[in-house]
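The whole structure should be built from the sequences, with the hints applied where relevant.
So the chains spell out like this:
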Amino acid sequence: MSILNIFDLLGTIAFAVSGALAAMNKRLDIFGVLIMAFVTAVGGGTLRDMMIGFTPVAWMRDFTTISTIFISYLIILFARPYVHRFKRILFYFDSFGLGAFTITGIHQGLTFGLHPVICVALGTMTAAFGGVLRDIMLNEIPQVFKKEIYATACIVGGTLFFALLSFNIDQRYAEVIAAIVVVLVRVLSIKYRLYLPMIYEWKQ
Amino acid sequence: MSILNIFDLLGTIAFAVSGALAAMNKRLDIFGVLIMAFVTAVGGGTLRDMMIGFTPVAWMRDFTTISTIFISYLIILFARPYVHRFKRILFYFDSFGLGAFTITGIHQGLTFGLHPVICVALGTMTAAFGGVLRDIMLNEIPQVFKKEIYATACIVGGTLFFALLSFNIDQRYAEVIAAIVVVLVRVLSIKYRLYLPMIYEWKQ
Amino acid sequence: MSILNIFDLLGTIAFAVSGALAAMNKRLDIFGVLIMAFVTAVGGGTLRDMMIGFTPVAWMRDFTTISTIFISYLIILFARPYVHRFKRILFYFDSFGLGAFTITGIHQGLTFGLHPVICVALGTMTAAFGGVLRDIMLNEIPQVFKKEIYATACIVGGTLFFALLSFNIDQRYAEVIAAIVVVLVRVLSIKYRLYLPMIYEWKQ
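Protein chains in written order, with the UniProt record's numbering: chain B, 1 to 204; chain P, 1 to 204; chain E, 1 to 204.
Just so you know, the hints here were simulated from the structure itself, not pulled from any lab data. The beta-carbon is built from N, C-alpha and C at its ideal position, and this holds for glycine as well.
Sample of chain B residues lacking proximity to chain P, with all beta carbon distances greater than 10 Å (derived): (1) Ile6; (2) Asn25; (3) Arg27; (4) Ile30; (5) Thr65; (6) Ile71; (7) Ile89; (8) Phe162; (9) Asn168; (10) Gln171; (11) Leu184; (12) Val187; (13) Leu188; (14) Ile190; (15) Arg193.
Here are a few chain E residues that face chain B, going by a calculated C-beta distance under 8 Å: (16) Met50; (17) Val117; (18) Ile118; (19) Ile136; (20) Asn139; (21) Glu140; (22) Ile141; (23) Pro142; (24) Phe145; (25) Thr152; (26) Met198.
The list that follows gives simulated cross-link-like pairs (lysine-lysine, DSS-like), each with its CA atoms no further than 30 Å apart: (27) E/Lys146 <-> E/Lys191; (28) P/Lys87 <-> E/Lys26; (29) E/Lys87 <-> E/Lys146; (30) P/Lys146 <-> B/Lys26.
Here is the structure:
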């Protein structure tokens, strides 16, 4: 699992930074920026744990997450003017996080004996709902619902994970492969500008 | 309980469709539309289950709900241009759902030994909070708080349910009667254009 | 704990009134106003209890809270035109609530054996997230993230509480002292117009 742990760490950094930057753009004060870094990084996992009843929720049991978020927050507070130079790296960190968080959610669902479909939903929620909560709290329609292949990458990777399991592939390998596929789907969809279709507006 | 099961099914369809249509109006992509169908249909029950600690929450234990939402989503994706023809039917489905969901919430509250007032609150939450979450996620002030007799119908039906119980009426009958009253209050309030009063704006 | 109970009661009144007034300003109907009074008063504690898994959540076990909110709601419905005369008193009530709710949250965290840092976070969440939920539901960016020293007072008081404990001060005294410090920090920050700094807007 060590590569997933690294992905997870990089993802937590990217999610915290994304929340902090969105908060700064909305002119929140430094407390608001901290909370938004936090909500974006742990929001998906928190919702997952509350829904399956795995409490106290993950970030309360894991000081690595809290420390990572807090350090990311402190750095971004001072490094804000230079952040555009790191956009590309942050995008990759975010993609790694997308993969790792998807697997964490699926893993949790399996531990609770839930159906594969529910597990994939939990994985997607873990990876994508931090950003959804960030946007709701900052009074925006969630970007995840409007732009790019994002949650879709989680669904693809999660589905592949269970396909691999059904071929008797060892769970640890299946997890790493699925996480990497999530990252690839995300990165390639951006590179080749792939979008999900939209159904046109319907007047009530 | 079989009539309530049918009401529940029709309600799930109507709620999913309402979430999907609201999402299309906001120009979400097809993933966003799916999530909004889901949130609207299961949001109230999910919040209820998280608050009383009945986890994993309802939709994770019940494939009928998930399948119903998914099929409704697929249909609405293609039937969108014709949806105005079914507005009236969808309104009735929604009303049946309002009745069934109220009873489900009350039932759950009783199972956890909660006070009747709390049970009525849980019933109302089950029936009305999917729509509240839909509107919050789509960046609107919840319609339930502004328009028409909606949650009020749940409160009336829920209160009647406990009144019937106190007259020693069998719980199963009381549930069906209360659900039908919720439907009637809702339908008649629309027919006769009854609104809840508003207290006028107060300047801070 | 009796002084904290009184603070708690006054805080519940102030939070309910603040939710009700915000709802009236947004022209919600009388049901919407009731729900907003409720969400603002119990939202923070509810989120806390769901996250640590202390369910059914607090307001379902405590009729004092529900009754206090409902009476506050009824009064504000009729007293709205005179509410500007009570702004000063409501501000103090709100500050007392801030102190009491912070301690309640910390207390709950300790009961669940959580780390002091998590406990302070839970205390701050209990005190400040009712207002956050109020603003999200009414389609505003949370004021707590933008204006004044508010949640910061909770963090200061909560940190002091654990400092006092480490000096072997009796927990009951530490709780009262910490609550009073929260109130003082809040009141003095308003009196002397202290704000948290903001980091300037960053263009993506």
